[in-house]
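Student: Now for the letters of each chain:
There are 4 protein chains.
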Amino acid sequence: MINGEKTTGQALRWGMVGGGRTGQVGYKHRTGAQRDGTYQLLAGAFDLDAEQGRDFGRNLGVAEERCYATYQELIASESQRADGVEVVSVATPNFSHYEITRALLQAGIHVVCEKPLFFTVAECVEIKKLAEEKGLIVGVTYGFTGHPLVHQMAAMVAKGMLGDIRLIDLQYTHGFNAGDDSDASEAVKWRTNPKTSGPTFVLGDIGTHLYYLSEVVLPELKIEKLLCDRKSFIASREPLEDHATVLMHYHNGARGRLWVTSVNAGNMGSQRYRFVGSKASVEWSDAHPDQLSYEIQGEPIRILHHGMPYLEAESLALDRMGALHTEGLGDSWANIYLWIAQAIRAQQRADQVFLAGHHCPGIDAGTEGVRWLENCVRSADADASWVEYT
Amino acid sequence: MINGEKTTGQALRWGMVGGGRTGQVGYKHRTGAQRDGTYQLLAGAFDLDAEQGRDFGRNLGVAEERCYATYQELIASESQRADGVEVVSVATPNFSHYEITRALLQAGIHVVCEKPLFFTVAECVEIKKLAEEKGLIVGVTYGFTGHPLVHQMAAMVAKGMLGDIRLIDLQYTHGFNAGDDSDASEAVKWRTNPKTSGPTFVLGDIGTHLYYLSEVVLPELKIEKLLCDRKSFIASREPLEDHATVLMHYHNGARGRLWVTSVNAGNMGSQRYRFVGSKASVEWSDAHPDQLSYEIQGEPIRILHHGMPYLEAESLALDRMGALHTEGLGDSWANIYLWIAQAIRAQQRADQVFLAGHHCPGIDAGTEGVRWLENCVRSADADASWVEYT
Amino acid sequence: MINGEKTTGQALRWGMVGGGRTGQVGYKHRTGAQRDGTYQLLAGAFDLDAEQGRDFGRNLGVAEERCYATYQELIASESQRADGVEVVSVATPNFSHYEITRALLQAGIHVVCEKPLFFTVAECVEIKKLAEEKGLIVGVTYGFTGHPLVHQMAAMVAKGMLGDIRLIDLQYTHGFNAGDDSDASEAVKWRTNPKTSGPTFVLGDIGTHLYYLSEVVLPELKIEKLLCDRKSFIASREPLEDHATVLMHYHNGARGRLWVTSVNAGNMGSQRYRFVGSKASVEWSDAHPDQLSYEIQGEPIRILHHGMPYLEAESLALDRMGALHTEGLGDSWANIYLWIAQAIRAQQRADQVFLAGHHCPGIDAGTEGVRWLENCVRSADADASWVEYT
Amino acid sequence: MINGEKTTGQALRWGMVGGGRTGQVGYKHRTGAQRDGTYQLLAGAFDLDAEQGRDFGRNLGVAEERCYATYQELIASESQRADGVEVVSVATPNFSHYEITRALLQAGIHVVCEKPLFFTVAECVEIKKLAEEKGLIVGVTYGFTGHPLVHQMAAMVAKGMLGDIRLIDLQYTHGFNAGDDSDASEAVKWRTNPKTSGPTFVLGDIGTHLYYLSEVVLPELKIEKLLCDRKSFIASREPLEDHATVLMHYHNGARGRLWVTSVNAGNMGSQRYRFVGSKASVEWSDAHPDQLSYEIQGEPIRILHHGMPYLEAESLALDRMGALHTEGLGDSWANIYLWIAQAIRAQQRADQVFLAGHHCPGIDAGTEGVRWLENCVRSADADASWVEYT
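Residue numbers (this note's numbering), protein chains in the order written: chain A, 1 to 390; chain B, 1 to 390; chain C, 1 to 390; chain D, 1 to 390.
What the hints contain is simulated information worked out from the structure, not anything from laboratory work. What you are looking at is a predicted structure, and each value in this text was computed from that prediction instead of being measured. Mixed in with the good hints, there may be bad ones.
Stated by the list, open to error - Here are the simulated DSS-like cross-link-like pairs (lysine-lysine), alpha carbons at most 25 Å apart as the crow flies:
{"hint": "1", "chain 1": "D", "residue 1": "189", "chain 2": "C", "residue 2": "279"}
{"hint": "2", "chain 1": "B", "residue 1": "279", "chain 2": "A", "residue 2": "189"}
{"hint": "3", "chain 1": "A", "residue 1": "225", "chain 2": "B", "residue 2": "225"}
{"hint": "4", "chain 1": "B", "residue 1": "222", "chain 2": "B", "residue 2": "129"}
{"hint": "5", "chain 1": "D", "residue 1": "225", "chain 2": "C", "residue 2": "225"}
{"hint": "6", "chain 1": "C", "residue 1": "189", "chain 2": "D", "residue 2": "279"}
{"hint": "7", "chain 1": "A", "residue 1": "222", "chain 2": "A", "residue 2": "159"}
{"hint": "8", "chain 1": "B", "residue 1": "279", "chain 2": "B", "residue 2": "222"}
Given only the sequences and the hints, what does the whole structure look like? Please build it.
Tutor: As structure tokens, this is what we get:
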């Protein structure tokens, strides 16, 4: 149970690139990082509009001289300070993740980066090499995997409680782009422009969450081949997709189905994860993250509740509010940021033993997400045909 | 609102082939047909074991001499009687649907047949021709489409309340075959034997329900191409499938996803239908048939309730219990059987005008189900590749 | 499992008083009784408007000469026939239950009567005496207690699975009278007129369902004292109530809470039953009758599903559709009517052993409902103070 | 929408009394207060065991010399510092709320106190006078009322969307004390000892949440009379109660029902609030705080979702995560603590205009909770009879 006691000592000196006033994701980073005083926000280049960014930073309590116009300025200045930031979060449109991350690492600063990490696996490989050379952490904010019951599922799979895994059904399908938003602001439209969003829209924006969470629950499973059928129902979004179905064949014979869309009119964005084994199934949704359905064929369905003593230790260790009270996405982000802080502190003290056993969405998790996207696009571009997973 | 007043005059003289004591489907036929005295059960060949069948028939109130050992006997004898049965329901394993239906029609008896109707479209075409020549009805028991809210969805689509249809998501996924049942009785195993079940297991057994209901809601939509990926997780069921995913491209650009499985451990069999349009979505499940979710993007989700005056007339007309009380699958079957009775009476009085405007799952509905199965199998057999819909 | 095989031999010759075209309850009687051919509708005095009643009866398939203008005519005529009705259902406004029931019994006809049975316990006692003298059955249509999972709860309580019973929470709260209906037709208004409805409105109309079902689940519990606070939010209904709360102290120290109202705006009428014991609780709602929540403190909540082999035999025996498919209120009524038919047949063959062990809502169940109402009214009339239960 | 921009300037210098390692409530205070850097934890007397408290404080990042053994030490020392704490939260057992609050106010320190505030209304009145004399704020952590949809309900009521309020149904019923815990640690047992808990157990511990939230939604409603029936199912808790039902008559004729218990075996603690008006009802549960059911009689039920533009401005202003993502209890506490911080800053600048229009659970809210408890106990002690509300 997490009660706010620090496991990482002094708060990490922290900065942000992006995450300004008009976006929503910035608050998730801040509320996740600053929970329990694990990070202290000291610097930022929050906005492309330098004045806006400075004003916003001031309101966040950042000293005026540490509100920068650009990430380059931030790096140049903070690198010179004895009390410069140790870690910077990158909450910008996808296209700039790679260049900002590279610059930060080159300056010796740890990075927390939004997903999808970069545009290509090649970029991921290069950044991994750079991070290793520099001895730095790159954390990736797959923000839903901090929920305790995600790790309950993983522990149950690991203990064999589901038997052999047969079916994986994944869904993240909201309706917030059901209308034609070709006249919307750039803050909205960057996601549907290949130059700023990369080779995908919803596959990268929300599909990577599904894929990563399935990896956390099923670390042993490997995709052998995959088929991706994607489409844009709003013409201005082409060639990117606002709907995609992905079928996956796994090496053990399991079958996967994944659905992402942002034109699912009327739906507020519920994710749904169902893992079916030869003995039992589990099902979880981020919309009601405190409950997990555990279903053994021929027995009553069991509804597991967060924070209860009957859960696996891995799940209980992540609980913040206790069984009587609800957790939200902010609690999940707090766990993600805590794991990254623990990784940074371990890296700083060169504690490879700790790092080897430490759960944390890092550069490899980010890379696998990009690899999955590359395979999806390759299939989609080949008339939605099956492709070997590479 | 249906209150038991007869719309079909005198009860139809009715017989059954199959549907004996050990199966469950027989009771659904009887409870559907005999509701409101629309049909009177007078004859049957209920069981392959003639003595069992006779004993069972007696318990159902059928006169001993009209409990037959075989369907051939039934036809031979009933055809001779002035008060012989007018209509017979076929509730036998799939392989015998065709021969029994043909024999009944040749003897001038209307037919109600289980789905999937026959093994091939060619058989369907032949039977349709025969039925037309004889002036007889072939009804097909797609038992879920009698629920009032199914017709609410259809009416809403027809009125344009969903806008252009974009996405269709269909699911019927239970877990009752999660275990290896290769040692089970023939009453269970016939479904997984191609000789008795035909070219499919779950696609035909439960997938045809999904497909037909989607046709009822979306009569205008036509499939252009389709991909079916199927698999059996229990070896003894091969080459038939206990899991399949079907992707469909419709002529209007809509995309469909369909999932059937009987190894979904722990699930009691919930069907889920979601139809997404450019303006709104509707979602319905047979597990809670009294409720329909109507979701306009940007507005609160609306939960429509059966029997309420705000529903479309098409839906209200089918209600039996009133808004205050629940309906079950038996009420849906009662509507199906009522429609078939109305069709038979109209056919008997040669009322083509009535028939032209009458909703009833008949030979065409049965044929389209078989056509869809043929396309699924063709795709599956071609390594789950896309096939043009023919 | 019920599959339509007759357990009561030849169909009972059956008539109805009331239950005409404009009411809704008549259909519930007919669909419950005629399921499985247990009863055959042969006579009726369906409507105060004799012509309407005759027209309706004809449409139900009743011979014209057996569609009567009044119940007196029905009794006089049917008593003379060799094939006269054996049992008559009374589906009229409350005020006439007593006189019609008495007249039927005096004529040697079994009775099925709506609830609340009569206006006073004294009337119940008198009728019980008359029925015993005549050797006749009086069944009472507490229509919700035919659901299989109600008997699952009873069996679990009997086996001690809940431990000592501590808390009983009962609720039947719909909104269909939220508006002022003082201008409505007599078909609606009779329920709020003491002359036609008796000493209560919602307490009798819906509260007796809650009370009787709790008796079925907890046959051992006896009320020691009770407090009833009632009110009418629509003036024209006074002195009858459209809202009432009843608190109950049981002899074993348990505490009960019961809420009935028909001004619960927007609610379609969900009943909720929760029984809390020292070890575990169960909760069931008629809105989703196929599921039962079984909750052991400190363990995952279990969702029990109708028709599954893990249920108690008492519950499985009542199942009609099987676990894969839904049941509705009609299936529950069918079980109620079946129990009454079994009681009538046993009475006809003087099988006291069978009757002693037979579950069936009879004259005693009806009496206890009226007794509970009398106590409620006595408390309500004493400024909602506690009264000893008598 | 709250995005972390400071509305209260510099973080408040903050201390805690109680809320140590073994309790759960301390973390709720810290995660609520420290969100967005509104408060900075600088001092504490966290535990009766001074060494434990010091160790814990260190782990929270509090300087060693500001981890005190007692609240008296904390006050004495912090009062002397130029940078001493401005506000202290009291998260101790109920019996010490009054003396600690009084001592803090006398030392010129603002207070945030747990509920139930004090043992008697007289104490509340005295403290209110003291706080006014000193110009200090006393905030009360009714932690559930920070959820945005609570304020949606209040806004809807204020706009007349429900019509005249008729029925109020409140429930907070968990099972965590279903077992006999007379052997438990003092950390558990203090709640059932009148010396430490005061005149109530569950009425004060959880019932005050229900009552206060109903006041937020229905500020105009006043109780005229009340009846409270309470009981302890575990003997060692007597004379305090682990179950109580309260009936309330309001001045406008509305009727209220409230249920609290901690022996509701198997229930994880769901609160349920239903407010029924002459036009419509609303229903909300803390277990799924992102959804609100809005039910107009005769129309489809509407499910309102947090963060959506169709909500009232009062609700949207409190949203932190946006419609696509879930909020939890921590987000609600963050709003509560933010309101208190805003009140303190306004008090510091003597901004009575701001304070007059500012929503914040303060001394009056705390007093009304205690008043309600006094009335409940008075009724319960008078054999659960009706008492005039005083």
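Student: Regarding the pair residue 222 of chain A and residue 159 of chain A, is the alpha-carbon distance no greater than 25 Å?
Tutor: Holds: residue 222 of chain A and residue 159 of chain A sit about 19 Å apart, inside 25 Å.
Student: Given the hinted pair residue 189 of chain C and residue 279 of chain D, is their Cα-Cα distance within 25 Å?
Tutor: It holds: about 21 Å lies between the C-alpha atoms, which stays within 25 Å.
Student: Between residue 225 of chain D and residue 225 of chain C, is the straight-line Cα distance small enough, at 25 Å or below?
Tutor: 21 Å, holds
Student: Sort out whether residue 129 of chain B lies within 25 Å of residue 222 of chain B, counting only the CA atoms.
Tutor: 24 Å, holds
Student: Starting from residue 279 of chain B, check that the Cα of residue 189 of chain A is at most 25 Å away, please.
Tutor: 21 Å, holds
Student: For residue 225 of chain A and residue 225 of chain B, compute the direct alpha-carbon distance and say whether it is at most 25 Å.
Tutor: 21 Å, holds
Student: Next pair to validate is residue 279 of chain B with residue 222 of chain B; report whether the Cα-Cα distance is within 25 Å.
Tutor: 21 Å, holds
Student: For a C-alpha distance cap of 25 Å, please report whether residue 189 of chain D and residue 279 of chain C respect it.
Tutor: 21 Å, holds
Hint compliance for this structure: no hint is broken.
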